[in-house]
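The sequence shown begins at 35 in the numbering used here and counts up by one.
Simulated from the structure, these hints should not be mistaken for lab results.
For every residue, glycine included, the Cβ atom is placed at its ideal position computed from N, Cα and C.
Take the hints with a grain of salt, since some may be wrong.
Said to hold, decoys possible - Taking lysine-lysine and the DSSO-like style, the derived pairs with C-alpha atoms no more than 27 Å apart in a straight line are: (1) K1026 - K906; (2) K884 - K906; (3) K619 - K653; (4) K417 - K572; (5) K1056 - K987; (6) K199 - K215; (7) K611 - K549; (8) K595 - K248; (9) K203 - K549; (10) K572 - K964; (11) K1146 - K1131.
Stated by the list, open to error - Derived CB-CB ranges, DEER-like: (12) V764 - K1145: 39 to 47 Å; (13) S815 - D954: 50 to 58 Å; (14) Y526 - V434: 19 to 27 Å.
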Amino acid sequence: MTKFGGHKRKRCTETELDGDTSIGTSNKKTRESHTTSKHTVTISHPLLSQLYPNLQTLREYVLAKLPAASRLRRKKITSIGLQDHAAEKTATEAEIALARLLDSTVVGYGGESDASPEKRWEQWTSFSQKGDESYVTLAGGSTDAAFSQGEIVDFVIWALFSREKKPGKRPKHLLCDGFRKDSERRLQGRSAPSHGLIPGLFALHPNNHVQTLKQDPWPQLLLLLGKAGEKIMLDLLLDCAIFSRVTAGRDNYQQLSGVPVSDLEHQSNQVPANAPAPSQAGRKAGNVVSRSPSEISLVRSRMLYARATLNARGLVHFGLRHIHVLNRFPLQRRGMENDEENDNRNVKHEESTTRVMMYIFPRQFGLHNVFISQVDHTQTAQKFQDYTLREEEITTKFCVLVEGKPQLKAHLPKRLRGLPQDLVRKLQVLHARCSYSMLLQHYCPLPGHPKETAGTHHSKAALLLPEPQEKKHLKSRKKMWQGPKPPPPLKYSSLVELATPAASVSAFCQAVLSKIIPNGFWGNKESQNSNKAALLKKVNHFITLRRFEQLSLHEITQDIKVSDMTWLAPPNLKGQKSSLPETQKRTEILLEFLYYVFDSILIPLIRSNFYVTESNVHKYRLFFFRHDTWRYVAEPAMAALKTTMFEEVKMEDAMRILNSRHLGFSQVRLLPKGLGMRPITNLRRRMLVKANNRQFLGPSINTVLGPVASMLRSEKSTNPQRLGSAMFSVGDVYPRLKEFKAVLGATNRPLYLAKVDVQGAFDSIPQQAILEVMREIPTESEYKLAKHVEVKPSESAMTKGAAAKPLKKWQTLAKAPHDKTTFAENLEESLALGKRNTVFVESVASRSHKTRVLMGLMATHIQDNIVKIGKKFYRQKNGIPQGSVLSSTLCNYFYADLEQTHLSFLQEDNDCLLLRLIDDFLLITISKSKAIRFVKTMQAGVPDYGVAVNPAKTLVNFDMSVSGRPVPELGPGQAFPYCGTLIDPVTLSICKNHETPSKGAVVFDSLIVEYTRSPGATFTRKLLNAFKIQSHLMFFDTAHNTLQSVLSSIFAAYVETANKTWAYARCLPQAKRPTAGLVIAAIKELMRVSYLLLAGKSRTSRWPGYECRVKKAQMNWLGMVAFRMVLGRKQAGYLEVLAWLDGELAKLGTEGKVDVRGLVRIVDGIQGKGKIKH
């Protein structure tokens, strides 16, 4: 028996040791210590604290669970692992291991258990065949403890499976992962169960979590707990989640037991107690959720990259598409006489309005909706479903067959009868009368067309004139008239100049909504105009948002008054003060209407009239091209692409290829880039596939290629020398420059730098050549792939009081079959390095892949990359697919082979450093002859590798020419630019290139503004993040860079942070802009955090060899000067902040903590070089 402790003590009786601990048989009430606050010390973690109400170390948990009478055992658990100075005896290895387990393990749990203690104990005694012998102790010591611990773990697995009554359903619990019921054994092709397994279950995959909980020191913990140990261990494994601390990184954990944190719903997603009751259909389906308006954000991505609708002549249709519900169900004219034909017309009249109301108010009809329905992610990859077409759902629920034809049999909800129904009818009428094409020509004329010639001779009344009865059918298509084709040639210096201004698009959308939505929807009397103006203001805000900014339904409802909207009230309550339930019901109906206006009218309106896209320069800014304008500039570029890069594949051949493999097809879109277009291939998009008469989203091409990417990542970590000079990020420049500088030592020899850029690297690589290179890369005949999930809190969750969904990332690790390292060992060695506040969840399922199969999949991807453009299929005949998860790795291996065959002369001595980021080469050497030879070799081209260098992008810091043409040379005293950095040709110091990359790119385009949650806390977080993204250690290492260079980088980072801070505050509404006090507090926090970030002990301990010998006072002075310089030019609203900055700068100057004159020279030097743009 393993003994914990050293010196002898008086033998205690069982009663003295454990107190009254008869579990499940005694009627005595035992006092639990968790009723007191003595042992309820909790810990905090940015992620786990949001998922579990209670979070404790394992030591504190077992102390709280021990019976109150177990005083000596409590003392033993409290003191275990602590050195007994009185006895002068150190702890044993077993004690150290157990103490480490108690202190490094975290337990998370919620409320009460779902099973009674008596029933659980009865099941346990039956399972373990102990009967009522609850008094039996672990007299056999460690051997019996190990046996009992293993039996407890097996019982927990059995009990969890026993809870699941549905056939084929498995519990979501880490201990159950890899186990299956015996009823599934035949489906898995397994033989009869062997002796000793869990009753009714078999192990399909080995579960490492189960083995960990059965091994030391868990049995020793059970032994230490005494008689109460089994009960405590059962509660721990059944009711709690267990996490083991990972020493690598910072505050990282591995989950050992419990429901995986990746499957836990965030607390904000739980159904509140006062949530509206779901419909009966929702209860039966079991797919009810509850979302507040703040959780419902519009899916703005639906309006991007839309294809134009064309007529028979190939011209663009404008207006809402023909599949829109307002076009599919126009209002039928009522019959005046009582005959069968008029009766049918009256039925269709009512039916068309009812169908439109089902789209507007789906929740009232019990249809799928955004408020309480679960999103089916097998049908959509977006946050919420697209409700453009509901006919299948409506037919299934409300239609019956009458004479072989489906007929709608739906009763209109009482709350939607009367005035709401009349308003929807009026909406149908106004939509039929609205001339979308003329409104588009008026508000968004073609480039080069004056606004007056775009149909403005039509008066506003004429736009709404009804047409004769005989033209009703033609009128339903009037809204899609095409505009005139833009007259070539159009003069422009950039393609984005042809885009329609966002203000004009907003004016067009507001005009359409004003004309087709009856004013009665906005209320009566004074509130009607204010409500309508508030909504149109949100429409303008929605259109002017940047790429990843969101607009929630809660924000849309702001400033809208519900009390005067009589159409929301039942007839018997109009004009009366409503109760709380009645107000909630009115709000519920209004929210449905507002969501429909934005999601099903505004977004389709933008899609059908504009091509919305980003540009290659303007980052997050969106551009709106009229469809006819976009076709004018995009079709020639796409035609050139079809001839140079792709070759057409017949439809039957394309379908045969696609049906014979898992890889699907990709789609190409064009991104404006100056005067040209850049093709973008989306290989992450999931395509709808059909199987067993069911349609669902299949895996994306990149997902199918995941095992190949995992194999190549494994080879990259095992044999990094095969990649040559390849870098995987700009940050890799820093360690290589530092190492090369150490190799050179103290030398006065000049350095020669040369940079070349390969033209169209991905598009020029010969397919057969890359396959020949890649055949030599794999070193194993088989790879075993295991998956795990990394869960961490979002940025907003790090803010105090914020509640945001955690970020989840699924990763795959490839290992050789003979590699026996555990997941915990992989965490410590590589996976957790550099991570913080992350929880790792291992999946026990693993799969082996033959190398030949993976290489065949890679070859198919390269040689038969099928792309769909329009309705035709094409095959990429040159290069490798862009956007593929393999592209960068393939390019790195291919150019590494080029270095071995044509640039091997650079490896002869230690006088050269070759760097390569994808296709950007940089050579640093002390040999001028090698630099010249390198440039000449690359400019001559290497046809076997498809390499052709762009001479205009070649740059050297010495005088040379190729074939009589001078090579662009860096000016004297200038730093050498490379991939967004500037390298000093003399000292090899690195700083960030802060020059504006392209004309027209402004700081506003690089922002993502959050308009809703906690504007003050968000403002501070955004300010800090603006500095953090510039805080890479390569710019601030005084061991490598000169002190002046580091101070210059610090000041430039502060200036960029100040510019972004001012721009962010300006983007906020006036009511949400930060006050002077908040700005001052945020700047103070930035000064504190930035110094800890650059010169704190955490960074120096994490990166050996790094040092930042900059004083805190120097950083404070530079930061305040940067904010004083930026805000001084924008003095409106910042007078108080500027006064505070002036006072702080005066204090720093008078106290003599900084050399003000030296810092002023640095500031003047940066401004004089033009590195900072305002």
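Exercise for the section: Hints the structure violates: just list their numbers, smallest first. Expected result: When the structure is compared with the hints, numbers 1, 2, 3, 5, 7, 8, 9, 10, 12, 13 and 14 turn out to be violated.
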